[in-house]
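Colleague: Protein chains in written order, with numbering that gives the first Met the number 0: chain C, 0 to 652; chain H, 0 to 192; chain P, 0 to 100.
Everything labelled a hint here was simulated from the structure, so no lab data went into it.
Note that beta-carbon positions come from the ideal geometry of N, C-alpha and C, so glycine has one too.
There's no promise every hint is true.
Claimed, not checked - Derived BS3-like pairs: lysine-lysine, alpha-carbon spacing no greater than 27 Å straight-line:
hint, chain 1, residue 1, chain 2, residue 2
1, H, K41, C, K172
2, C, K469, C, K62
3, H, K41, H, K116
4, C, K438, C, K32
5, C, K210, C, K588
6, P, K11, H, K82
What the hints assert, rightly or not - So these bits of chain C aren't anywhere near chain H, every CB distance computed over 10 Å:
hint, residue
7, D64
8, I201
9, N357
10, T482
11, M506
12, E561
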Amino acid sequence: MSEDIKEKRFLTVFKRPSSTEGIWSWITTVDHKKIGIMYGYAAFFFLLLGGLEALILRIQLAKPDNDFLSAAEYNAMFTMHGTTMVFLVIMPLSAAFFNYLLPLQIGARDVAFPRLNALSYWLWIFGGLFLYSTFIFGSAGAPQGGYLAEEIGWLGNAPNGGWFGYQPNASFKYSPGTAMDYWALGLQILGVSSLVSAFNFITTILNMRAKGMRLMRMPVFTWMTFAVAFLLAFSLPIIAIALFFVTFDRQFGTTFFLTEGGGDPVLWQHLFWLFGHPEVYILILPAFGIVSEILPTFSKKPLFGYAAIVFAGFGIAFIGFGVWAHHMFASAISPVAQAGFGLSTMVIAVPTGVKIFNWLGTIWGGKLNLKTPMLFALGFIAMFVIGGLSGVTHSIVPADTQQTDTYYIVAHFHYVLFGGAMFGIFAGLYYWFPKVWGKMYNEKLGQLHFWLMMIGFNLTFGPMHWLGLKGQIRRTWVYAEETNLGFWNMVVTIGVFVIAVSIIIFMINWIYSKRKGPEAPMDPWDARTIEWTIPSPTPVWNFSTPPEIENLDDFWHRKYDEDEEGRPVRKDMANQLLIDLESDGLNPKEHIELPNPSYFPFILASGLPFLGYAIIYRSLALAGLGLLLLLIGGFGWALEPIEEEEIGDVEDG
Amino acid sequence: MGDHGYPHEPTGVETRKLGMWVFLSTEILFFGTLITTYLIFKGRSFDGIKLEEVYDIPFTSVSSFVLLMSSLTMVLAHHAIEKSDQERTSIWLLATALLGAVFLAGQIYEFTEFYHKGFTLTVNIYGSTFYVLTGFHGAHVFIGVILLIILWGVGQRQNGLSLDGGMNLEFIALYWHFVDIVWIVLFTVVYLI
Amino acid sequence: MNQTHKPHPTPKQYVQIAVILGILTAIEVVLYYTESTVGVFTDPLLMILAVSKFVIVVGWFMHLRFENSLVNRFFAGGMILALFLFAIVMLERASAIFFFS
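Model the full assembly from the supplied sequences, consistent with the hints where possible.
Modeller: As structure tokens, this is what we get:
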């Protein structure tokens, strides 16, 4: 390159934001740690909403022929519960971990595209708010031949076609009103958010690793993030199109999924589950990663079979693309497809089993430290195995035909998603709490949370196995007295309240410990990976000097040698190492440039909800506003130089 | 990020280029879904007006040729900027945008003709899939034209484009070519086969 | 930029490639009109021509032939996944009609 073209600053009207405190610093941040924290808090808020929806559902089902909720309200509640928990709780909680930890685990300063990262967050929160605005603005009409209009109620004016939106039930004819449009358009916005994240993380993991951080030296959590990013990247475009088809069918008179126009409802199922199945692996792989970090640390042993766990993770992701029609065994798919997908579903149990045996191998013979993160990690293994076993029974097509649409399925996916993913997430929240906040949580409250949650969880979802096999149908707002299902349904409802109490305990622990908890040292767990080599709470610049990696579990090898039997022996200079790392970490010697904050991700993201409202209410004005915001956001972003001089940089010393 | 001591790009591929290729790989799934839907319904028989009754192959062929040539001008623009020939870069950028706009005008004209003949979005499933598929492609072309014009504008304002800047010709070029290859598939699958 | 300079085709070569693309398109159009003579070979030939144009633009204009294999693998991976998934969906829908109608 012969000439050096200087980028010109276009917008001298708006200065580049530079605040480091206050609300503007959060709105304009591109710091992966702040973004991770925002994801975490917002997702937890949605957890409370989704949990409330679950409580309401269970009150209705506590006794037979109950009338706490109307059918319309019940449909809305289970739809919103599922949609919330999948898209607004587990995915963003996982995103919170990816965002906060990924750069730290690979030794980077930030992700590859910091502004794009901020865009992901703002798109997500605006998408979630748009979806929930259905309670304020949305309406669910009375379908022909369905329940009466007067029975809909306030709670019923929300998406009610299930989180999977089966057509034609969720089409305009059978789900009139605007609620299912909020659903389709809301998910569309959320999908873009995750898709953008996926590019960012793939590029970050490939290109932003510190020196010596070879791929096979990366922590398992990083590997799982990588796999999740691929799953997101290749599955989201499919559902994006499917959701466009739904919106076109509902709003613009097309008939993609409507038989009266030559359309095919089963096509929706294909397209939805082509996304939907990879989606469930997207939900569980982060927890696999978290647990793979915690088990070795709290067993004082390296992870058993690191390479096998990494490859199994990718094996699951890859095969996960080939099993989607197992959600459709009872729909009108050809018997050849049923056989093929039954087989592939059985096959996917293999890499999953590999991981479980490797986790067990990690604990075996280790010196177990049963602190809260470890309790949740162990609980994860137990609960996930139960869920996985019921899952394998679904792979047998004739058996599944009995199980489908019963509570047996509900039991399965809650065991893997709550007992699996959520337990894994709670494990991670406790594990990394000291690193993020510099304080230690209260261990006793943590233990209480765990045990109450274990009891409550199993009380809630255990009985659902036999309730389902005895014939209790899901997605139905009442069951008759004669079915004799009342007793165990009451047990289930009690279980949910126990879970609720355990979550309150968690919140108390979090809020109190964050403010008044004892200060946590840099490396409270004697951990293995390099995010523990920097001070707590994490300095804004992450690493003072770029780390140089020499091993898998590099930090551990700097603290420990091995004796002849392979047992760890703490090096004499280990304590001094910790002291040095902390003081170096707090005092960077050289000038560190951080990515500059920006308004434009926020502005750009804000345009999409307006486009959504514009489509629903046929408003050109709203469409114009949405487009305007997109254009301002886009132009501003494109013309903003990547690096400005001397703004927000960290000075020497 | 401008950090000394921080190694960059262990893969040997420039970060933004890598990001763009990952994005384009996902767009394959996006258009793949649209094309698959089209093919599924094309194979079924039903009543009503079909594309074959209204299209004009010579017209669409010329359109397709125009878009193909826009890929040529795009690659010439890229070549020019690698040689730091800002004037040529500017000309070829504009030429690409112009050819893209001509393609879009052709699409609009075509669709208007189809509408007049009764082949509309909602007339039957064939119409639905056709317009949504080609419509999404057209939207992508439109965005591409806008990006090219912005890029040209930035070049004018800065007295030249650099390959290190935020708005980057190399990556917009990749996007543009991608839009072209989607059309290569669409033209064959929708019109010819 | 810290990339080593990759070999580039010259403008003249780019124009030659464009001419080839034009010719392939022309053959496609001719095939469309001579369908009655060419018969059952028309569709496969059209597909081969489309694939050739696709590969040429991706390989030379998008430079993939000269790029690092990582980028190649992404694109190829996406293509293979898409072809595989969508083939299954299309086969399933076609076979379902066969079984259920």
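Colleague: Now tell me if each hint is right for this structure.
Modeller: Results for each hint:
1. K41/H to K172/C: holds (25 Å)
2. K469/C to K62/C: holds (16 Å)
3. K41/H to K116/H: holds (20 Å)
4. K438/C to K32/C: holds (16 Å)
5. K210/C to K588/C: Holds - the C-alpha atoms of K588/C and K210/C are around 19 Å apart, at most 27 Å.
6. K11/P to K82/H: holds (15 Å)
7. D64: Since the minimum Cβ distance to chain H is about 43 Å, D64/C lies beyond 10 Å and the statement holds.
8. I201: Not fine: 5 Å to the nearest Cβ puts I201/C too close to chain H.
9. N357: holds (27 Å)
10. T482: holds (41 Å)
11. M506: At roughly 37 Å from the nearest Cβ of chain H, M506/C sits farther out than 10 Å, so the non-interface label holds.
12. E561: holds (29 Å)
When held up to the earlier numbered hints, the structure conflicts with hint 8 and nothing else.
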